[in-house]
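J.: Residue numbers (this note's numbering), protein chains in the order written: chain P, 1 to 278; chain B, 1 to 218.
Among the hints, a few may not be true.
[As the list claims (entries may be wrong)] To give an idea of the chain P side of the interface with chain B (calculated C-beta under 10 Å), a few residues:
1) S50
2) H170
3) A176
4) L180
5) P194
Since the hints were derived computationally from the structure, they do not count as laboratory data. Positions of the beta carbon are idealized from the N, C-alpha and C atoms, including for glycine.
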Amino acid sequence: MNDSASRRARYERDRRRRSLLVATASTGLVVALVVLLVPRMPRWDRVRESFFNGERFRDSFPRLLEAFVLDIKIFLWSVPCIVVVALLVAVTRSSRSPVLFPMRALAVVYTDVMRGVPVILWIYLIGFGVPGLGLDRPWNSPLIWGSVALVLTYAAYVSEVFRAGIESVHESQRAAARSLGLGNAQTMRHVILPQAVRRVVPPLMNDFVSLQKDVALVSLIGPIEILRQAGVDKSKFANFTPYIAAAVIFLMITIPLTRATDWLLERERRRTTGTRVR
Amino acid sequence: MPCCSTARTSACKSTLLRCINLLEPVDDGAVLLDGEDISVPGLDANPVRRRIGMVFQSYNLFPHMSVMDNITLAPVRAAGIPRRDAETAALALLERFGLSDKAASYPDQLSGGQQQRVAIVRALAMGPEVLLLDEITSALDPELVGEVLDVVRELKSTGITLVLATHEMGFARDTSDVIVMLDGGRIIEQGHPRDVLVAPRTERARQFLQRIIDSGRL
Numbered sequence: 001m002n003d004s005a006s007r008r009a010r011y012e013r014d015r016r017r018r019s020l021l022v023a024t025a026s027t028g029l030v031v032a033l034v035v036l037l038v039p040r041m042p043r044w045d046r047v048r049e050s051f052f053n054g055e056r057f058r059d060s061f062p063r064l065l066e067a068f069v070l071d072i073k074i075f076l077w078s079v080p081c082i083v084v085v086a087l088l089v090a091v092t093r094s095s096r097s098p099v100l101f102p103m104r105a106l107a108v109v110y111t112d113v114m115r116g117v118p119v120i121l122w123i124y125l126i127g128f129g130v131p132g133l134g135l136d137r138p139w140n141s142p143l144i145w146g147s148v149a150l151v152l153t154y155a156a157y158v159s160e161v162f163r164a165g166i167e168s169v170h171e172s173q174r175a176a177a178r179s180l181g182l183g184n185a186q187t188m189r190h191v192i193l194p195q196a197v198r199r200v201v202p203p204l205m206n207d208f209v210s211l212q213k214d215v216a217l218v219s220l221i222g223p224i225e226i227l228r229q230a231g232v233d234k235s236k237f238a239n240f241t242p243y244i245a246a247a248v249i250f251l252m253i254t255i256p257l258t259r260a261t262d263w264l265l266e267r268e269r270r271r272t273t274g275t276r277v278r
Numbered sequence: 001m002p003c004c005s006t007a008r009t010s011a012c013k014s015t016l017l018r019c020i021n022l023l024e025p026v027d028d029g030a031v032l033l034d035g036e037d038i039s040v041p042g043l044d045a046n047p048v049r050r051r052i053g054m055v056f057q058s059y060n061l062f063p064h065m066s067v068m069d070n071i072t073l074a075p076v077r078a079a080g081i082p083r084r085d086a087e088t089a090a091l092a093l094l095e096r097f098g099l100s101d102k103a104a105s106y107p108d109q110l111s112g113g114q115q116q117r118v119a120i121v122r123a124l125a126m127g128p129e130v131l132l133l134d135e136i137t138s139a140l141d142p143e144l145v146g147e148v149l150d151v152v153r154e155l156k157s158t159g160i161t162l163v164l165a166t167h168e169m170g171f172a173r174d175t176s177d178v179i180v181m182l183d184g185g186r187i188i189e190q191g192h193p194r195d196v197l198v199a200p201r202t203e204r205a206r207q208f209l210q211r212i213i214d215s216g217r218l
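Chain P with its partners taken away, still in its complex shape (with noise of 0.2 Å):
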């Protein structure tokens, strides 16, 4: 017993030994041919000097991580109106009482028309077109209006999200709140949607990734934001860096998001599917 289970981890090290061993090898190949060809390249030297320029990253960073900060905050406001808009989105398209119907038919409408459209465009024609109404300050803000653009276009993907949450709580679950004489809402309030939430969190982990990069659009109708602050820096220098760093700065936010969010996929998934298949 004992020997076979020695044998076995002996079995399973070698094996972990070798794919290691195989990663960085070849990992180390493809490191090593970029870094040796690039440099090779005509105008690498023109590249080099615009694109990775040290003296004006090391000048541009911390002006853009307080640019940043902006964008921390856009995404921070607009996260739990998303989340409260797209329930609402959710549980109207989810409803099963006739009387509801025209709501459910808006509810569609309003899903195909905001998925339909690009982000970019919700937000030019919501982030110009409102204020153009003639609004006093502050509620002429393009900020205000650019993140009413990205709540109400997430509001329509996460709001799926949630549809798809709720159809997976099977039916015999709903059979057993209303035959407890729970009704209607109570159902999806105390039964349904706990469950429904809980397990989609790490699909919407995945939009809310999304919606940390969409909010650099918002500097396209005014406000100062990281993307806008590269692009100020870019035209006093007449250098690219600045993007550079701008992207390294998102990096800082997004890989951690999305590698936690792989382990909550991966957690689930270990939850609910049983023995894992080599």
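Based on these hints, arrange chain B on the given structure of chain P.
T.: Frame of chain P; chain B shown alone:
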């Protein structure tokens, strides 16, 4: 009045129970509860369902809630009973069915038999006049069937009306006052177990019984 319906698969036993509980609309005929027609269209089903408990084949406990919350959800939310009273009542019921140490557990942590007993307690917590039991032992290991059937026997002694859809013919014979045999949505035999299971009147019921006796289930 304990009553029991039995039939082969897809003979509409479950549909019958679901109609009694208004989970499915009634196409024809009426469901009378205490002489009152509860199947008229447009009737508010929720108050009626509170008078009719239901237990399902696959337990259908709420997996995201503890046993205690499973039991008190409907009394608190649908019947408006203060939470503390509902919990006291729930504890008493759990105690009665030997589950008092499971109040804080989640359904996943219980055996099938325990889950089904919790489901029965959950239905009882609303104080129903009728309890519908839909093949409540069909998903259980043979060893666990007994503990759930014991619960049903105890319930019968309290005088609550039970409607049981089952394949447990022996149990049906020993516990029920009336047996109803269904085939394709129609009643083919109805009466005291003594009459129905010993001297069935229709050919269809005779065949059905013969097959059960041959398979050693009676």
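J.: Take the hints in turn and mark each one as holding or not.
T.: Against the structure, the hints:
1. S50: With a closest approach of 55 Å, the P:S50 hint is violated.
2. H170: holds, 8 Å
3. A176: With Cβ-Cβ at 4 Å, under 10 Å, it holds.
4. L180: Holds - the Cβ of P:L180 comes within 10 Å of chain B, reaching about 4 Å at its closest.
5. P194: holds, 5 Å
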